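Student: If you read the protein sequences in the order shown, they are chains U and B. First residue of the first sequence? That's 1 in my numbering, and the numbers climb one at a time after it. First residue of the second sequence? That's 1001 in my numbering, and the numbers climb one at a time after it.
In short, the hints are calculated from the structure, not lab data. Quick caveat: nothing in here was measured; it's all calculated off a predicted structure. A portion of the hints provided could be inaccurate.
What the hints assert, rightly or not - Under the rule of at most 35 Å between Cα atoms (straight-line distance), these lysine-lysine pairs were calculated in the DSBU-like manner:
hint	chain 1	residue 1	chain 2	residue 2
1	B	1064	B	1182
2	U	264	U	116
3	B	1190	U	182
4	B	1113	U	264
5	U	20	B	1074
6	U	76	U	92
7	B	1264	B	1139
8	B	1190	U	264
9	U	182	U	113
10	U	139	U	182
11	U	182	B	1074
12	B	1074	U	92
13	B	1264	U	182
14	U	92	B	1092
15	B	1139	B	1103
16	U	20	U	92
17	B	1103	B	1064
18	U	190	B	1182
19	B	1074	B	1113
20	U	182	B	1092
21	U	92	B	1020
22	U	190	B	1113
23	B	1190	U	20
24	B	1139	B	1113
Number of protein chains: 2
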Amino acid sequence: MSILAVGSVAFDTIATPAGKVENALGGSATYFSLAASYFTDVRMVAVVGEDFTAEHENILNKRKIDTRGIEHAKGKTFRWGGQYMENLNEAKTDFTELNVFEKFHPRIPKEYKDSKILFLGNIHPNLQATVRREVDGVKLTGGDTMNFWIQGSRKELGETLKLVNILLINDDEAKMLAGGEKNLLRAANKVLAMGPQALVIKHGEYGATIFFREGAFGIGSHPFRAPALPIDEVKDPTGAGDSFAGGFMGYISSQEQINREVIKRALFYGGVMGSYAVERFGTERLQSLSREEIDARFQIFRELTHLG
Amino acid sequence: MSILAVGSVAFDTIATPAGKVENALGGSATYFSLAASYFTDVRMVAVVGEDFTAEHENILNKRKIDTRGIEHAKGKTFRWGGQYMENLNEAKTDFTELNVFEKFHPRIPKEYKDSKILFLGNIHPNLQATVRREVDGVKLTGGDTMNFWIQGSRKELGETLKLVNILLINDDEAKMLAGGEKNLLRAANKVLAMGPQALVIKHGEYGATIFFREGAFGIGSHPFRAPALPIDEVKDPTGAGDSFAGGFMGYISSQEQINREVIKRALFYGGVMGSYAVERFGTERLQSLSREEIDARFQIFRELTHLG
C-alpha cells in the first residue's frame, strides 16, 4: 500500500562535532519519505519555495517518491540552522526562517485521496487533523508532534490525537504530553488514553518501545522494545526520528495486514533507518541505501538482542 | 561453581516518592549476594558492627549465603541515608556514616580460597586488588566501581582493572572512566583497553549492553543488549545495579562454561534481578523470590524484545 506523508521540507545548516553542512535538503517529510521509500510507494505533501530546484526534486524522484503533492510557492523554502554539542542529544537552534512554511496549508492532490496509510509529520495539530479528514478511507494513521505543540496547542493536539492510530514521539515529549509524569509506563498509558491505539516512544541511542492500548489491533497489550545500534560516530542526528518513523510506517505499509509480528519488525526497521540516517550529514545516507544493506543491519539488530 | 562476593553491608535510610524506610539492610555485597543466591552458592566477605544482629544474618542465611566471611567489628555498621526525587535516577545523599567500613580490610577465610568466581563490589580499588590476589585459581572476576574512585583513585583503579575480567558500570561511569568520551561505543572501547575483557554498561530503565574486547572469551566482539522492563512503579532504585550484577554473575557461576549464549542469558538475568529489586524497598523483594518467578520474568524480557 502506498503511504501519504505530510510534513516539512527544509534547507538545514547544521554543525556537529563531526563537521558542518549548509543548506542541505531536510525537513520531516523529506527524511520520512526517503526512509519509507525503501519499503513502499511514498506520496509527499509539503511546500517549498523558489529555491527548491529540479535538482532537489530529483533526489526524491530518484527514490520514486511521488512529488505531485509538493506545492511550489513564491518565496524561500523553510530554513533551519542548528548546532549539536558533544552529547548530540539536543540541538541548539541558531535560526528558524519559516518562509513559505509559515502559510502552509496542505492540499491533497486527488490522485492521493485513495491513500490507505497516512503519516502526519510534525506540523500544527490543526493542519494534521485537516489532512486526516481530507483523506477518506485511511486505514492507518501515524503521527508525530513536538514540545512546541504540546505546550502551546494542547487542546488542538488533543483533538488530533483522537484521529491518530500510532503516535511516535520521544521520551521527553511523552512525559510532557502526560502532564509531567516521570514514569515511562504510566506516561505511556496516559498518552494512550488520549486516543492513539499505540504509542512508540523513541529513546535515542537506547532504541524505542511501543506501548499498546488494551485491545489495540487485536494483538495484545504487552509492550515491545527494539534496540538502537551503538554507533562509533554519530555525524548528524538531524532527522533520526523522522527516519525512524519512515522505516516503521514504510515497513507496515509494505505488509498485507497489521499483526504483532509486523509491528515488531517495523520497530526494528525504524531503528535501522534511524541508525543509517545519523551516519552521514543530512539525508546523504538515506539517498543511497539498498534494501540489502537495510536487511543486513536488521540482522545485526536481531543479533544484538536475541538469545539463541 | 560458588561465587565469592566482597563489598559493603549497610543500613540504609531511604526516601522515595513511594515512601520511606529506616535502617533497612542494604549495601553492595548484600544486594549482590541475595540476587546471586537464586543461581549459585554465594560466599560473602564484608564487615559489620555490633548493631548487625542474628536477625540480619538470618536474612542472608535463609538464602543459604555463606556468611563466615563477614567480619564482626566493634562499633556501628556502615549507614547511608538518601532521597530519590521523582525521576529516580539519582540519589541525593543525606548522610554517610562509614563506621566500621572505614577501616575495612577484607579477610578471606581459608574455606573461601578455592573460589573460582569472584565479584569485587564497589570498594577502594586497592582493596579490590588485594582480594583478587588473595584468591588464587580464580577463573573469572567481575567488578564494579563508582565516580568517587574514578575521579579520586584513577591510578589505583587502573591497576585493579587489569585484574578484572568483566567490569559492570553505568553510562556516566563509563564515559567518565573513558576520560569524558561522550560516545558510548568509543567510551566502551577505551575502557576495554584498560584491561577488562568485557564491559557491561547499565542504562537504567533502558537495559544494559555488554561490549567485548576482540577475542575475549573466544566468543566474538559484537556487543549484546538486554532490555529493562518498563515498570509501573519503581518503589526504590537502591541496589538495582548490585542486584543486576548478582543476577549476571550468579547465572554465569551456575553454568559449566562461559560462551556467548551464557553471557547473553546472564545479561537478561541481570535485568530481571534489577527489575525485581526496585519493586519494593531495600532488599525485601530479593528475599522472597522463587526461581520460577525469576524465569517467568526472564520469559517476559524475551517476549519484550524477540521477533518471531
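Student: Which hint numbers does the structure go against, in order from smallest to largest?
Tutor: 1, 4, 5, 9, 11, 12, 21 and 22
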